[in-house]
Amino acid sequence: MSFVVPKESFNGKVLSVDFGAGDKSLVIGGDSALPFLAFEGEIPNKPVIAHEIQDCAPDDWPETVRNEYKDVSGDPVTWAKHCQDQLNAKAIALRLVSTHPDRGDRSAEEASQTIKDVLAAVNIPLIILGSNHIEKDASVLVSAAEAASGQNCVIGKAQEGNYKTIVAAALAHNHKLIAMSELDINLAKQLNILITQMGFDKEKLITDPMCSALGYGLEYTYSVMERIRLAGLAQNDPTMQPPIFGDVGMYVWKVKETVAEENEVPDWGTLAERGVAWETLTATSMILSGTNLLVMRHPRAIENIEKTVDELV
Amino acid sequence: MALTGVQIFKLLPKTNCKKCGFPTCLAFAMKLAQGGADISACPDVSEEAKATLGEASAPPIRSFNLGTGDKAVKMGAETVMFRHEKKFVNPCAVAVNVKDTDDNLAATAEAVAQSEIDRVGQKLRVDAISIECASGDSATYEAAVKSVAEKAPDAALILNCKDAAAVEAAVKAVADRKPLINGATDENAEAMAAIAKAHACPLVASADGLEALSTLTEKIKGFGVEDIVLDSGAKSAKEIIEHNTQIRRAALKKSFKPLGYPVINNVIRDDSILEASIASVAIAKYASIVVISSIEKWKTLALFTQRQNIYTDPQVPMQVEQKIYEIGEPTADSPFMITTNFSLTYFIVSGEVENSKVPSFLAVMDCEGLSVLTAWAAGKFTAAKIAAFIQESGIADKISTKELILPGQVAILSGALEDKLEGWKITVGPREANAIPTYLKGRA
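Heads up: the protein sequence lines correspond to chains A and X, in order. Count the first sequence with the working numbering and you get residues 1 to 313, in order. Count the second sequence with the working numbering and you get residues 1001 to 1444, in order.
Hints in this document: simulated from the structure, not taken from any laboratory. Keep in mind that the hints are not guaranteed to be accurate.
[As the list claims (entries may be wrong)] Below, a list of computed lysine-lysine pairs in the DSBU-like style, where the Cα atoms sit at most 35 Å apart:
no.: 1; chain 1: A; residue 1: Lys189; chain 2: X; residue 2: Lys1018
no.: 2; chain 1: X; residue 1: Lys1099; chain 2: A; residue 2: Lys254
no.: 3; chain 1: X; residue 1: Lys1219; chain 2: A; residue 2: Lys254
no.: 4; chain 1: X; residue 1: Lys1172; chain 2: X; residue 2: Lys1074
no.: 5; chain 1: X; residue 1: Lys1074; chain 2: X; residue 2: Lys1018
no.: 6; chain 1: X; residue 1: Lys1010; chain 2: X; residue 2: Lys1221
no.: 7; chain 1: A; residue 1: Lys254; chain 2: X; residue 2: Lys1086
no.: 8; chain 1: X; residue 1: Lys1018; chain 2: X; residue 2: Lys1253
no.: 9; chain 1: A; residue 1: Lys13; chain 2: X; residue 2: Lys1257
no.: 10; chain 1: A; residue 1: Lys7; chain 2: X; residue 2: Lys1219
no.: 11; chain 1: X; residue 1: Lys1087; chain 2: X; residue 2: Lys1253
no.: 12; chain 1: A; residue 1: Lys46; chain 2: X; residue 2: Lys1253
no.: 13; chain 1: X; residue 1: Lys1238; chain 2: X; residue 2: Lys1099
no.: 14; chain 1: X; residue 1: Lys1297; chain 2: X; residue 2: Lys1357
[Said to hold, decoys possible] Facing chain A, according to a computed beta carbon distance under 7 Å, are these residues of chain X, among others:
no.: 15; residue: Ala1194
no.: 16; residue: Glu1211
no.: 17; residue: Lys1238
no.: 18; residue: Ser1294
no.: 19; residue: Trp1298
no.: 20; residue: Asn1309
Remember, predicted model here, so these are calculated numbers, not experimental data. No residue lacks a Cβ here, since even glycine has one placed at the ideal position from N, Cα and C.
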């Protein structure tokens, strides 16, 4: 018996989505094979890692990662420039944390000004994320879309409870949109359908089936993402073909493994490496299961994931 | 090639004697075809039929142990490509490589011996030590292997050495540990197979690419060694994911026997975190043994956790222990909430409570791993059961006001609970976990 490479080819294809304006714009998706199996299909674009910044000081980030940005994080523009110029970020994800009613309740107008300032300061693509407060995001992200009009940003996240206004704004100002549902392939599919029924082009959509941290439900995220990919490729389900988004940093940098000092948990080893490894391995698992666009925090974790991606392609 | 139930039936005695535990020979044949029974259950089957069936009904990926004793690691026997289809059964062994010239050899072996940690009820440890013959000297190698074996009495041993004479001496010194010999190449296959066969040890077949590897495993099998581990020569992460995927597909979907064995991947890198990342590629993508160069505690914790996630049974909800969890540093005046023990429910609820920065008590009740609404619908999260759990938990002595916050999804239970939990105030909390921070801060 001689060995024949067992190849599988699919009818479906992951949609490719470009974002950003000018020569730093990026493209994700376009795959006609499962993640990193380039021997049997096209994988034209690497997963992209965006550096997360926020519109207020990251007081809620654990020290290990907060310290990395201690000289720049007081101001989102400085922080964004630092990521672009010092850390060679490919993209920036600006989270409008301070618009959350519990985190300062800043107005949509203030958020718009921050977005305009950041956009004026950097030329890499911008992902604009709300505070994950359903009602507040519904107004903040509408203003955000307007403030970033013409910049081809990624805006998110639109969820079942607030997607209508956000979709309309993304449509009007020509942005890409993240649709988020909670760890269920059917919910992800349903939300994509609802959004496209509003006239939003599925080729501008990015699916966030909800990330989880290593050790905290990662297996669910991993399998939901694999199933979405298989549905898009093998079953050629058009509603399951948008690229996948993974909000890695915010899930990782709150679990005990990224926070607890070594003297509290001597069996867990040094905190500095542990935190970086936790974010790195969470992200590695995400790209293996199909994530195309990731948002991460620690520069060393991002560096390790970019090296891993370079080895994988 | 696998046989159909009818083809198997023709080979059976057709006496319907029921000794196999099935009502008829046909029923037994059908079960054999699905891999759900073993031919040895039939006392009357002919040797000839047994041989035919044995070959055809062997699992597509051969299964055997790495190491001996109760810490031995079972490998192989996987049946699917994706974990959502069916559980990945035998978690990838984590092995650390040491060189026989390394002064820290014994210290590494001792670290392996003490590497066990507990994570959500499972005891996890570095499973194996790979001893590399870097000296090129048989005596040095044998001494190193002996020293490692002694310092790490429960770990599986991997003899990472392509020199048959050095391997032979080392194997003799630790034969009772059934070391995995790594191993055989096209050049030394006959000599290595002879050693493996004489000591009943498994053998790694190393070749460059899958075609050469298939030829080599057939050759080794011809020399009488059946417990083979595959090393395709994959070095980069791309080669690891591509080779491992092709190996598993060939074995499962094409019944290609020459690659129906467990896989070993070497992922050694200069940077320890990058090494962990590449190791996690191997763990997720079908390796049975992953060899790393160092075992810092943070690194093995992350790898064990990832392995546990990948190898969790997707059909059985992950559960957390039933108890009152303290989040932050709660005092007698802190809020007291309840939820069910589905791990995802617990992770999300406890995460949101943490986010709120309001120290709290969270009662997690055993509902067989069901989420709140499902557990309520299934009659496992009822007023009577909640009341019994709260009373037995002893929480009443820890808090000043007897107030229980119930998930909004089961607001309907609040009346019945007030009747059953005398002296308690039952408050209905938010329906969704993401509303918890606002809710808790609003109370404070």
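Each hint, compared with the structure:
1. For the hint linking Lys189(A) to Lys1018(X), the alpha-carbon distance of about 49 Å lies beyond 35 Å, and the restraint is violated.
2. Using a Cα cut-off of 35 Å, the hinted pair Lys1099(X) and Lys254(A) is violated, with the two alpha carbons roughly 38 Å apart.
3. Distance hint between Lys1219(X) and Lys254(A) is unfulfilled; the C-alpha atoms sit about 53 Å from each other, more than 35 Å.
4. Taken as a hint, the Lys1172(X) and Lys1074(X) pair is honoured in the structure, with Cα atoms around 23 Å apart against an allowance of 35 Å.
5. With a CA separation close to 32 Å, the supplied pair Lys1074(X) and Lys1018(X) stays within the 35 Å bound.
6. Restraint check: the Cα-Cα separation between Lys1010(X) and Lys1221(X) comes to about 29 Å, which is no more than 35 Å; the hinted pair holds.
7. At most 35 Å may separate the alpha-carbon atoms for a hinted pair to count; Lys254(A) and Lys1086(X) meet this at roughly 31 Å.
8. With a CA separation close to 32 Å, the supplied pair Lys1018(X) and Lys1253(X) stays within the 35 Å bound.
9. With a C-alpha separation of about 32 Å, the suggested pair Lys13(A) and Lys1257(X) falls inside the 35 Å cut-off, and the hint holds.
10. A distance of roughly 26 Å separates the Cα atoms of Lys7(A) and Lys1219(X); the hinted pair therefore holds under the 35 Å criterion.
11. With a CA separation close to 17 Å, the supplied pair Lys1087(X) and Lys1253(X) stays within the 35 Å bound.
12. Between Lys46(A) and Lys1253(X) the alpha-carbon distance is near 29 Å, which keeps this suggested pair within the 35 Å criterion.
13. The hinted pair formed by Lys1238(X) and Lys1099(X) meets the criterion: a straight-line CA distance of about 26 Å does not exceed 35 Å.
14. Distance restraint check for Lys1297(X) and Lys1357(X): the Cα-Cα separation of roughly 29 Å lies within the 35 Å cut-off, and the hinted pair is therefore satisfied.
15. Given hint, Ala1194(X) at the interface with chain A, is violated; its Cβ is 24 Å from that chain's nearest Cβ, farther than 7 Å.
16. Among the interface hints, the one on Glu1211(X) holds; its C-beta lies about 5 Å from the nearest C-beta in chain A, closer than the 7 Å criterion.
17. Look at Lys1238(X): its Cβ gets to within about 5 Å of chain A, closer than 7 Å, so that hint holds up.
18. A least Cβ separation of about 11 Å between Ser1294(X) and chain A goes past the 7 Å threshold, and the interface hint is therefore violated.
19. For Trp1298(X), the shortest C-beta to C-beta distance to chain A is roughly 3 Å, which falls under 7 Å, so the interface hint holds.
20. Annotation: interface hint on Asn1309(X) holds; nearest CB of chain A at approximately 4 Å, less than 7 Å.
Checked against the numbered hints given earlier, the structure breaks hints 1, 2, 3, 15 and 18 and satisfies all the rest.
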